[in-house]
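Working from the sequences, and respecting the hints, build out all of it.
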Amino acid sequence: MMIMLVILIPVIAGIMVPLIPFKKRNHMEIFLEALVILNSLLVWNLLIHRPESVFTLANFTGNLSVSFKVDGMSMVFAGLVSALWPFATLYAFEYMTKEKREKVFFTFYTMTYGVTLGISLAGNLLTMYFFYELLTLVTVPLVMHTLTREAILASRKYLYYSLGGAAFAFIGLIFLIIYGSTTDFILGGVLDLEKIGNRTNVLLLIYVIAFMGFGVKAALCPFNSWLPDAGVAPTPVTALLHAVAVVKSGAFAIIRLTYFSFGAAFLKGTWAQNVVMLVVMFTIIYGCSRAVKETHIKRRLAYSTISNLSYILFGVTIMTPLGMVGALTHLVFHAVMKICSFFCAGAVMYQTDKHYVHELDGMGYKMPCVFGIFTVSALALMGVPGLAGFVSKWNLASAAVESGNKIAYGGIACLLISALLTAIYMLTIVVRAFFPVKDFDFKTLEGEKDPNWKMLVPLFVFTLFMVLFGFYSAPIVNFLADVAAGVY
Amino acid sequence: MGLIQNFPAVSILLCLFAGIISSGLKKQAARYVNTILISGVGFLSLCTLMYILETGEAFVYVMGKFPAPWGNEIRAGVLEAFMALFFCIIMLLSLAGGRKKLADEVEDGKTFLYYVLMDLLLASLLALVYTNDLFTAYVFVEINTIAACGLIMIRQNGRTIEAAARYMIMSLLGSGLLLMGLCILYDLTGHLLMSNIKEQMGWIYLSGQYKMPALVTIALLSVGLAIKSALFPFHAWLPDAYGYSTVSSAAILSSLVSKGYIFLLIKIIYRVIGFEVFYESRIVDVLFAFGLMGMIFGSISAIRENDVRRMIAFSSVAQIGYIYMGIGMGTQAGMEASIFHILSHAATKSLLFIAAIGLTDVSGGSRQFIELTGSAYRNKWAGVAFTVGSLSMVGVPLFSGFISKLLFAQAAVQNDVKMLPALIVLGISTILNAIYFMKTVIRIYTPVEEHKYESIAFKNMKLYVAALLCFIILNVVLGVSSQPIVDLIGQGLAMFS
Amino acid sequence: MYYMILSILFPICTGVYLLVRRDMESRKNLLIVTGAFFVVSAVLVILTLCITGNGIFTLFSLTDRLPILFRIDEVSVVFSVMTIVVVLCAGFFSFVYMKHEEKEKRYYGYYLIVLGVLVALCFAGNLITFYLFFELLTLSSMPLVLHNGSREAIMAGLKYLFYSLSGAYMSLFGLYFLERYGNTLTFSAGGVISAEMAAQHGELLLGICFAMLIGFGVKAGMFPMHAWLPTAHPVAPAPASAVLSAVIVKAGVLAIVRVVYYIYGASFLRGSWVQYTWMILTLITVFMGSMLAYREQVLKKRLAYSTVSQLSYILFGFAVMDGGSVTGGLLHVLCHGFIKAALFLCTGGIIYMTGKTRVEQLRGIGKEMPLLMWCYTIVSLGLIGIPPTGGFISKWYLAQGTLSSGIPGFSWIGPAVLLISALLTAGYLLPLTIQGFFPGTDYDYSTLKKKEPPLIMTVPILILTVLSVEIGLFPQIFINYLLRIVEKII
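Protein chains in written order, with the UniProt record's numbering: chain A, 1 to 488; chain B, 1 to 497; chain C, 1 to 490.
Hints are all accurate, no fakes.
Cut-off 25 Å, straight-line C-alpha distance, at most; resulting in silico cross-link-like pairs (PhoX-like, lysine-lysine):
no.: 1; chain 1: B; residue 1: Lys439; chain 2: B; residue 2: Lys380
no.: 2; chain 1: A; residue 1: Lys366; chain 2: C; residue 2: Lys105
no.: 3; chain 1: A; residue 1: Lys100; chain 2: B; residue 2: Lys452
no.: 4; chain 1: A; residue 1: Lys103; chain 2: B; residue 2: Lys439
no.: 5; chain 1: A; residue 1: Lys366; chain 2: C; residue 2: Lys103
no.: 6; chain 1: A; residue 1: Lys438; chain 2: C; residue 2: Lys99
no.: 7; chain 1: A; residue 1: Lys100; chain 2: B; residue 2: Lys439
no.: 8; chain 1: A; residue 1: Lys443; chain 2: C; residue 2: Lys103
no.: 9; chain 1: A; residue 1: Lys449; chain 2: C; residue 2: Lys105
Just so you know, the hints here were simulated from the structure itself, not pulled from any lab data.
Now the structure itself:
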């Protein structure tokens, strides 16, 4: 029941926002923040006192049911989401003061929280698929929030891509219903080899199709173009949804599909593994290269997200427990790093209305906190030792080495090339901000300053985590290893 | 319970009589008669359904007590009764939802005629559903055509007359082919009653004689009914007919009339030709291929359309493609999926038509997309309903469309050869559906700066909202608790043989 | 033990402190504070070297398998002594030199951080620790390169950054594999790769080794990834160039020493294709660097090319993997460190006093600043390898080791290339001396003024010059110490 509760509280809270006549904006802030924090506490409580049993809400058709279960993967994703959401909400309150139609925004923003939790806590493929579709629908209004022509086109694209991807993922779902012993998530897969008979190749093809289908949300090339476009949304959306919740749902779904439904043992060493791995490797490079070319800050970060998501998927496609550890590590760490860099970009846009990289000259002196933190997140994304990104990359690469797969070796090379490109697109911003050209006129930046505490607190907290994870990652990595080993 | 066995025949006769009586009534009275009729027939069908479920077997009702082969028989099984019930519900809701609009679009003096035609249409639909006699089926196919034509034409402007003429020509072509098929069939077997023909067909098939004529018959019957139900590429009449007629007509035409023909085809497959014979004939493959093409091209046409009503009409072409794809799979599961989709599409498409009219009405009557911008704020209920309908069409879980998609896909997986094309096209078609429906949804939820049009208040459209709500509930019921209905369909199909 | 950490953290922390604190009231205060920091840092390092034994000190673990640990061995001593001397000399030199540059506080901040990171590199006890500080070195030295803020400087800084990072990532690629296939990443003389691993994954490991050589070779300006060096070094302020050219590039050398002799072990690589390719690359670099320097007219650029060439002398010595050549290489690390720093500081003095940067502008410079030019000439001779300077000794050992190594072909091609390069070195360094002291008959002596730079500039140059000569005069002390290293690793 607790599971239903944590999913429903945000959804109901979201629906309540336009219904309650708040006297002041503050009241709404307090109302939402309190509920979000409460819900996060409930989630953590749920994760700590984990119910062992499956909670079935309703039978759908035949043997398909809507059911929930808290297993290791759920703990990772739900824990991550619930840890980030309160901070993001706090940040959003400040950011949204400059946007219109706040109530609509917070309605869907808060509802998304519940839906994302639904994805993470889903106990079988059908339930996950259900929340996956729902996630698309509740986030579309957020993307089109500004209602400019650009935003509407972007949200359309987002919608088409996401629904289309889900349609292909759906094919995978069907096959698992038919050829699996159950659709519940069981580490190691549920395929019934007797039923498959000589249809192995068909199933592998279906795996590839479903991988690509879920890959749309994870911005796999060539289905990635929705993500940079969706950057027209307000920054809290871009940061939290398009760097964490939505895209990570795609990656999460792929992990579920690979390790919990098809089973790594079934896929490992097949052509399907090679195909998906190559696609992922290509995306890693592609995303970075596009990021280098992009001059709009948020779009640049969006391309960076594309490439980093494929890091996660690369871990997935290694199809060993270590690969899964790598994928999960990056899933968690990238969330922190990317949300941080997006929030920095958002803070700049909010404070100064600057959107392009070339406008950032000398800003580091005017907004030292924001750009300092941005630098840290840039270094973390590059994978400088001592920050979070290094650890996750290390885990990914050592999983690839351990697997002994020659293509995975190439993948390591891709990771490193991407790291270099990451350095290029992130550090050029940093250099601009802190080392303006000699005769730069600081008078043009008169009056720019760091944002207030509501924006800075989340930033500092995320920075703290980046450093903490970088220096002392053992507990969390061990936990993730346990998850990958099926302890939970 | 001999009494209940009379119900199917009685309901057909009731409809015919109601039609005759209404022709002498004023419009108000004709409307009451019509409403009572539909509710009554629905009730009778419900009773029949309960009865059959209780006894567990279908019954044959011999008209006028003349035994076969001279008499005329009606046969009622689970599926027939359920279809009749479902048709009544949809019809009632569509009429309720379109009532207000009807007053604007149809001349006052002709309104009663509209209800007369509606009565006749229901009569013919019921007959198509229940009859056990191919010739009776043919007769009611014609009645159906004529009634439908009248329904299209009753809103008199140039486009509808053209549309009706087109519809007439295509329909008559279909009926002609159907008639030819029947003739050859009669020649081959010497029977007109379905059960008898099937017996003979079984022998003919086993003996290996008359292969060609049998094949031609099957082809003629299938193609004839395919034309009438607007299977791609015979859909040219559809967009105009659905797009320009009054809204109730469009809803009923798309969700009931074409479905009646498809149901007849399914009946012919099971009860006349025999599933195995039909499957062996390879006509299934043709239907499958056309179904797939319909799914793609219907949607593509819909995407290119700039008129919301015509867009929904083109979407029907795609959806009928789905149904034929299910039939074309040639498996029990495929057939079940098709029948479920008949229900789900009927529930969704009429919802969309009714919702669309609410949106166009608050946009100065224009159906162009540009004018529809922000209309969902002006008519909130229609906006919500349109969104629900769209989501269902796209196949989002919780709504009926998802279950159809699920059933289709599950059916496809069981057929090794047709699996991949079916699944891929299903996926692509979902994307295409998403493109045009979601485009519309986003459009109607995009606010406009200057308020060009008035919005409509709730108190002016109570009936309309009620109809929409019922549709939405129907959709969600089909989407959430589909298992009993799927079971019912399976049971009904079992009773066919 | 804790001195080790202190000597690393003190410069880094003080550097960060300088960066974040607001501007000092006067330049004098800044210099006093910075000078104090320099001295304390140096004292700490010396103390650490004196009192810390050979123990391993683990600071913490990044992950279970990746400890950050430090340890001081003979190689650390050699490199850290060279580092601290050069950095200190250049540091005090900048007290005057930086007067005409802006943002001095920032400069000293990063300068101190670089010092700390360099010390940490010398003390690093395993490859992962080394990698950590290697990246930090790149990041913290980049601001020194782009210090003057011209567009050219910023582009050069970025070029430096991206080249270095790509090198670092190449070596990280190897690191991933070594962590799995080697038993440990902790440095140990003679290598850590077990025989069975070597047998199983020999080819793979060789490939990895090559990737790491190229990767770390970027920092050491080895062909084919040398292009950043002539761009980046000249645009930095002269003392920073000195540090870059004399010390920071040595981090690449140190990295290669560590990888080749302390992870793989000489026996693993000797005779493999990696060794041959490596030697070819270094020889190409030696020749090419000298050639380019010979053709270059801008003095600082010429010196930068010279660095490219000289570093590959060192690397060639290591590539030959013979006792003599390795000794020569290690000795040349010291010699080249002192000499190149001195050369750059001389250039800095010239630029500071006259503002002239091109060689042909500098006719008669020896008449204007004779002390500076004498130093220049002496260390130039050292770099060419003329006795009695240190360069002679190190090159002698290099050539002798190569000849005795018996590697077919290379044992005589190598010395030949070194010799040609030495001639070229003479060709590009000595013209300045000749023109400077003997400007020719048409030189207008009337404009001549005494322009000897202030004491605080000349003293560091003098110290460095003396050191480089001292190595040549009393080589035995150094050689004995280096032989202790060589015994262990060969």
